[in-house]
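Starting from the known structure of chain Y, fit chain L onto it as the hints suggest.
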Amino acid sequence: MPWTFYSWFIFAALFIGAYFAWAWISARRTRRNDSRIK
Amino acid sequence: MSILIIVLTGYFAAVTTLAWFGYRRTRTASDFVVAGRTLGALVGGATLAATQISAGTFVGTVGLHYLAGVSFAWAWPGVWLGWIVAVVFVAPKLRESGALTIPDYFARRYGPICRSVSAGLIVVAYTIFLVAQYKASGIIVHAVLGWPEWTGIALILASTTVYSLLGGLHGGARIDLMQSLVMVTGVVASVPYMLGHLGGLDGLAHRLEAIDPRLLGWYYRPREVVAFAASFGLSLAATPLEITRFLAMRDLTAARYAVGVGFIFQAIIGASVMMIGMSMRALFPDLPSGDLASSVMAAHVLTPIAGSLLVVAAFSAIMSTVNALLLVAAASVVHDLYAAFVERPGPDRRLLAANRIAVVLLALVPVWFAVREVPLVQFIVLFQAKLVASFFFAPIVIGLNWRRSTAAGALSSMLAGSITCVGWSLMRQPPFGLDAVFPGVAVSIAVFLVVSLAGSTTPLQDHQAPLAERRA
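For the record, the sequence lines run as chains Y and L. Numbered according to this note's numbering, the first sequence spans residues 1 to 38. Numbered according to this note's numbering, the second sequence spans residues 39 to 510.
So that you can see chain Y by itself, here it is in the shape it has in the complex (with noise of 0.2 Å):
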């Protein structure tokens, strides 16, 4: 199979985990301004 194919799986992979990372980042920025206000 030719690079087109496997670049596609490699990129996905990057991509979702760049974004949950992005999000527990988020979530916890969430957290800890909310017990700030607490």
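Wrong hints could be hidden among the right ones.
Said to hold, decoys possible - Each pair of labels, with its calculated beta carbon distance range: (1) L:S40 with Y:R32: 56 to 64 Å; (2) Y:P2 with L:R261: 37 to 45 Å; (3) Y:P2 with L:L472: 22 to 30 Å; (4) L:V403 with Y:P2: 42 to 50 Å; (5) Y:D34 with L:R441: 23 to 31 Å; (6) Y:T4 with L:A51: 24 to 32 Å.
To be verified - Below, a sample of chain Y positions facing chain L; criterion: calculated Cβ distance under 8 Å: (7) M1; (8) I16; (9) A23.
Claimed, not checked - Just a few of them, taken from the derived set where beta-carbon distance is under 7 Å, the chain L residues facing chain Y: (10) A248; (11) P251; (12) L254; (13) R294.
Honestly, the hints are just simulated from the structure, not real lab data. Note that the Cβ used here is the ideal one computed from N, Cα and C, for glycine as well.
Chain L only, in chain Y's frame:
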């Protein structure tokens, strides 16, 4: 065929049971439309994925991979970017607004005329989308069971309308989770079997190379792939079908994780659908239509159990999208047209009954179109995506984040965007070979900005004031 009927019966029984549980939890119109705003990340992610993955994926996307090979898979990043725009720029402000539907948000932000126009467009665009779903179910039933296409349409119509009627989004979201798991199981189970037939990945590559070398490279040129990705992405960033799901989630953190869960479901299904389309091209290079690839595979290539699972997975994709389309379109009709203008304020029980009546009526209208000859399923799906993007992207994505946007700007951008999109789509040879989504969205944004800026010298009316200001 008997195994398929047993699997289908079990599947419909499970759907009905979950719908019944949803019915018992549905007490108000808010329960019906946004599941009482209680969905967590897993159910939320499943409902986002199941709503987006439709007949377009199981029949149309398989068909396009059959036709074009690997290159169409690069449309998925467009879908994902659309969701990221939705969760970052749309979901937080939309949740803050307290709106129950998108036209409800339009009423608060831009006034009653924009509410009616947006509710009307939702009904038109989603009727077009429903035609594709019905058509696909007819194709599957005809190819797999040999029954006439209208029986597939009747099956989807009856089953989905019943569970949409009963459970609203409480039932719909949990059924979406089950359907997402069924879809993943159905497609993933098919791939090793297909590759076994072809001698693995290398065998598949050799056969495709012999048929057309472009199937392994850029059959669709990058410019065309960008057009597909943009159609899906710009539409998903603002389509009421998806973004109203964010309103149903417990909080913003759940919504963010839900998008990630949706990505995982989509990546697995997208990769499997690509393998199925390409494997079918290698095995049956001369099918009359790519739309037939998944049904022919289920009926003639897979083992009876794997084939049955794939058919149930395709039905899951169709039913989850039909359910979402019916709920959103019914809410537009009842909450934003009927309750807003005919019966103000309506008792909640009567609104709930009106929602259920609207579901039945809206489910029946597209049947008239679906029993006729229509283009490839994926092209119908793409057309409604372009129309929704041209209509909603500017007033929702920019309107939520730009203080100077006005009702006149929103109304004129919606009309200019949709007219441009439809007009461009009707051209035989569009200027510069440009896909209709680009001029549609560009004109809509330009008109939105210019008219809003030109009109902002007059004082803002109450409904035009930024939401944060009104809360203060």
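Status of each hint after checking the structure:
no.: 1; hint: L:S40 with Y:R32: 56 to 64 Å; result: 59 Å, holds
no.: 2; hint: Y:P2 with L:R261: 37 to 45 Å; result: 20 Å, violated
no.: 3; hint: Y:P2 with L:L472: 22 to 30 Å; result: 29 Å, holds
no.: 4; hint: L:V403 with Y:P2: 42 to 50 Å; result: 46 Å, holds
no.: 5; hint: Y:D34 with L:R441: 23 to 31 Å; result: 26 Å, holds
no.: 6; hint: Y:T4 with L:A51: 24 to 32 Å; result: 43 Å, violated
no.: 7; hint: M1; result: 5 Å, holds
no.: 8; hint: I16; result: 5 Å, holds
no.: 9; hint: A23; result: 4 Å, holds
no.: 10; hint: A248; result: 14 Å, violated
no.: 11; hint: P251; result: 10 Å, violated
no.: 12; hint: L254; result: 5 Å, holds
no.: 13; hint: R294; result: 4 Å, holds
Checked against the numbered hints above, the structure violates hints 2, 6, 10 and 11; every other hint is satisfied.
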